[in-house]
Amino acid sequence: AQLLAAKTIRQPLAPQPHSLAACLPPHPTMDTAPIKLAKINRVLGRTGNTGNVTQVRVEFIDDPNRSIIRNVKGPVREGDILCLLEWEREARRLR
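Using our numbering, the first residue of the sequence shown is number 4, and each one after it goes up by one.
Keep in mind that the hints were calculated from the coordinates and are not lab data.
Hints are not guaranteed to be accurate.
[Stated by the list, open to error] Ranges between beta-carbon positions, derived for each pair:
{"hint": "1", "residue 1": "Pro37", "residue 2": "Leu97", "range": "28 to 36 Å"}
{"hint": "2", "residue 1": "Lys42", "residue 2": "Glu91", "range": "13 to 21 Å"}
{"hint": "3", "residue 1": "Arg95", "residue 2": "Arg69", "range": "13 to 21 Å"}
{"hint": "4", "residue 1": "Arg92", "residue 2": "Asn44", "range": "23 to 31 Å"}
{"hint": "5", "residue 1": "Pro67", "residue 2": "Glu91", "range": "13 to 21 Å"}
Here the structure is a predicted model, which means the values were calculated and not measured.
Note that CB positions come from ideal geometry on N, CA and C, so glycine has one too.
Please build the complete structure, drawing on both the sequences and the hints.
This is how it looks when you write it as structure tokens:
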């Protein structure tokens, strides 16, 4: 068996942008999108494969007329304030 030496070819590094704005995508992402604050009105129940997710009904702080159902991981209780990074989707109701 004859061993052949592999030759590595190094590519020149790309020039680095000088500002952070050049790195950001044109549309808002999770890092750049605004957050919404929501207060937990009611704890609806536990869900998930092992019951580690709590389903809650939240009311938005800036729009008290609007409330949605969300799934929350971790300990929560009524009156807690959630910082929602994504507030358009609503969780399906427990069966």
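Verification of the supplied hints:
no. : hint                        : verdict
1   : Pro37 <-> Leu97: 28 to 36 Å : 29 Å, holds
2   : Lys42 <-> Glu91: 13 to 21 Å : 18 Å, holds
3   : Arg95 <-> Arg69: 13 to 21 Å : 18 Å, holds
4   : Arg92 <-> Asn44: 23 to 31 Å : 18 Å, violated
5   : Pro67 <-> Glu91: 13 to 21 Å : 18 Å, holds
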